[in-house]
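A.B. asks: The listed protein sequences derive, respectively, from chains R and A. Under my numbering, think of the first position of the first sequence as 101, with each following residue one higher. Under my numbering, think of the first position of the second sequence as 65, with each following residue one higher.
Keep in mind that the hints were calculated from the coordinates and are not lab data. Remember, predicted model here, so these are calculated numbers, not experimental data. There could be a bad hint or two in this list.
What follows is a list of derived Cβ distance ranges for each label pair [unchecked claim]:
#, chain 1, residue 1, chain 2, residue 2, range
1, A, Leu202, R, Arg155, 43 to 53 Å
2, A, Asp193, R, Thr287, 49 to 59 Å
3, A, Gly181, R, Asp376, 20 to 30 Å
4, R, Arg297, A, Ala184, 36 to 46 Å
5, R, Arg399, A, Arg190, 47 to 57 Å
Incomplete in silico selection of chain R near chain A, CB under 10 Å [to be verified]:
#, residue
6, Arg184
7, Ala189
8, Val205
9, His219
Where a beta carbon is used, it is the ideal one built from N, C-alpha and C, also for glycine.
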Amino acid sequence: MALLSVEGLRTHFATGAGTVRAVDGVSFAIERGEVLGLVGESGCGKSVTSLSIMRLVPPPGQIVAGRIRLEGEDLLDKDAEAMRRVRGARIAMVFQEPMTSLNPVFTVGDQITAAVLAHEGGRRRAAWDRAVEMLDQVQVPSPGERARDYPHQLSGGLRQRAMIALALAPGPQLLIADEPTTALDVTIQAQILDLLRRLQAERGMAVLLITHDLGVVAELCHRVAIIYAGRIVEMAPVARIFEEPLHPYTRGLLRCLPHPSRFGQPLSSIEGAPPDLRGADAGCPFAPRCPLAIESCRRHEPALAERRPGHFVACPVAVV
Amino acid sequence: MSVAATMLPVVARPRRRLSFRAAFGLGVLLLIGGSAVFAPQLAPWDPARQMLTKRLRPPMWQARGLREHPLGTDHLGRDILSRILHGGRISLGVGLTAVTLSALIGVTLGLLAGFFGGRADALIMRIVDVFLAIPYILLAMGVVFALGPSLLNVILVMGATRWVQFARIVRADVLSIREREFVAGARARGNRPLRLLLRHVLPNALTPIIVVATLELAFMIIYESALSFLGLGVQPPTPTWGWMLADGRNYVATAWWLATFPGLAIMLTVLAVNLLGDWLRDTLDPRLKV
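Isolated chain R (complex conformation) (with noise of 0.2 Å):
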């Protein structure tokens, strides 16, 4: 059974000016100990994904129709009080913005604290020490003496491994991390993307990367699922999807990248823009933007197919 799985997940906003079908449709799967990546551009419903598997998602934001399970158990039956207990405990997040993700009137080692306290309970003394050894973990240097500090004292890299401790101190099965290095810079990114592939291979924790990324997804993930307008086309081992991307999406993002073989050209970029998630139903939501596009693209939107073994597509037309 798979440690987490997501079926027809779908999440509506409903707005004065309609329904913005953030997520419509999603379904993916992650095994114990597996680094999923979810990728796509702004708005694509990668973070109304997460938080949908939460069950955070803000008003008017509704889940209205799908199962989450984690480890069989469906997460949308279960009452607030049974849900609180799966948040942090079960299923931890760490979020884009280390400069706002802690609470600045408290240090680092009593927020830890306070977390291992809610999680294991004990002696305040005994957290303490727990926490000081969770930074040690997450290579923050001196961490009895950074414990003391306030998040304001800590550089942006710091406060990003603080909050890593933070999460990982109840010992999750899974992790959500949603664009865990897009606001440090490159160096930073690099050290942090090596933390969080140690931590989850010496605890077999289960990974859900969210970025828009492909740089990060090539460094961590197992697997990659391409998001776009709220649905996801194409699923595949990471290896596939950088070697033979099978959706014209895809292909279109990976031809942004700057590439050596291209050196000297002008970086290439995908026609128009993502649909209006209040508007039409019918088709394919690329069809507008896709080279690819035929007549039946419009009319008929296309499931997930299993084209090659592992490697999913959402595209009637992509070439096998």
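Position chain A relative to chain R; hints supplied.
C.D. replies: Same frame as chain R, now just chain A:
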């Protein structure tokens, strides 16, 4: 992080010790508070004792002044110094308890309104609007008329009419704090709503609460005097600063000391509280200390 360590001294370190202003505020407040607490021991006279042969005597350094009445006597021959010392007990006590009460009500309702939003917010803020629409003195008059004037009733009425000040400020602050990422993070770590409120939202809203509390303490002292002036506050002969001020205003042209000394006492107290409040606000903000 040796780089960060070597860079630290470049940043000016805000002083953690008391500034001169804060020390002044604290000193004055301790003096006033101490003299209020020990008023029975310090006061040379019974504050209610009338000595009609020594009516309206000026302070002792003036021509008709008497050595045994350093700040003079009022129109009933009562010793002003003794009345100020005793009045401080009432004024400060009433002010502090009323501010505490109104902060408790206002902060609680403000937190609930701002954090939960929706119907709770609409309901609480409409109640706030009602309180703001009716002049608070009028409201207080009505309530005290109904319940009868007593020390406890005065405190209750003052707390129950001024809580809106706290509620509005706290709500506004909470509206922005609850959107910050560390609150979302705490929620994603499975914290209960009550814990989110008390540990993550409230401590970050403390600064304006302290500022409002110091301003309100000053206001409450004046408020009490206004109620006393209308005959709805603490009843004579119990001395309060506000009542002395109101009472002395009839004699301002001929006997300035009646209103001046209680007025000075109020002013010094308010000034001291504000100076201390500023310091407290700066000290409680971790971003301002290294």
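A.B. asks: Was the hint right that Arg184 (chain R) lines chain A, CB cutoff 10 Å?
C.D. replies: holds, 5 Å
A.B. asks: Quick check: does the Cβ-Cβ distance between Asp193 (chain A) and Thr287 (chain R) fall within 49 to 59 Å?
C.D. replies: holds, 54 Å
A.B. asks: So, as I understand it, the hint says His219 (chain R) touches chain A; can you test that by seeing if any CB pair is closer than 10 Å?
C.D. replies: holds, 8 Å
A.B. asks: Quick check: does the Cβ-Cβ distance between Arg297 (chain R) and Ala184 (chain A) fall within 36 to 46 Å?
C.D. replies: holds, 45 Å
A.B. asks: Falls inside 47 to 57 Å, the C-beta gap from Arg399 (chain R) to Arg190 (chain A)?
C.D. replies: The hinted range 47 to 57 Å holds for Arg399 (chain R) and Arg190 (chain A), with Cβ atoms some 52 Å apart.
A.B. asks: Taking 43 to 53 Å as the stated bounds, is the beta-carbon spacing between Leu202 (chain A) and Arg155 (chain R) within them?
C.D. replies: At roughly 49 Å between Cβ atoms, Arg155 (chain R) and Leu202 (chain A) fall inside 43 to 53 Å, so the hint holds.
A.B. asks: Just tell me: holds or violated, for the beta carbon distance of Gly181 (chain A) and Asp376 (chain R) against 20 to 30 Å?
C.D. replies: Roughly 28 Å apart at Cβ, these two residues keep to the hinted range, so it holds.
A.B. asks: Using Cβ atoms only, decide whether Val205 (chain R) comes closer than 10 Å to chain A, and label the hint accordingly.
C.D. replies: holds, 5 Å
A.B. asks: Would you check whether Ala189 (chain R) satisfies its interface hint, that is, whether its CB is within less than 10 Å of any CB in chain A?
C.D. replies: Result: holds, 6 Å to nearest chain A Cβ.
The structure is consistent with each of the numbered hints, conforming to all of them.
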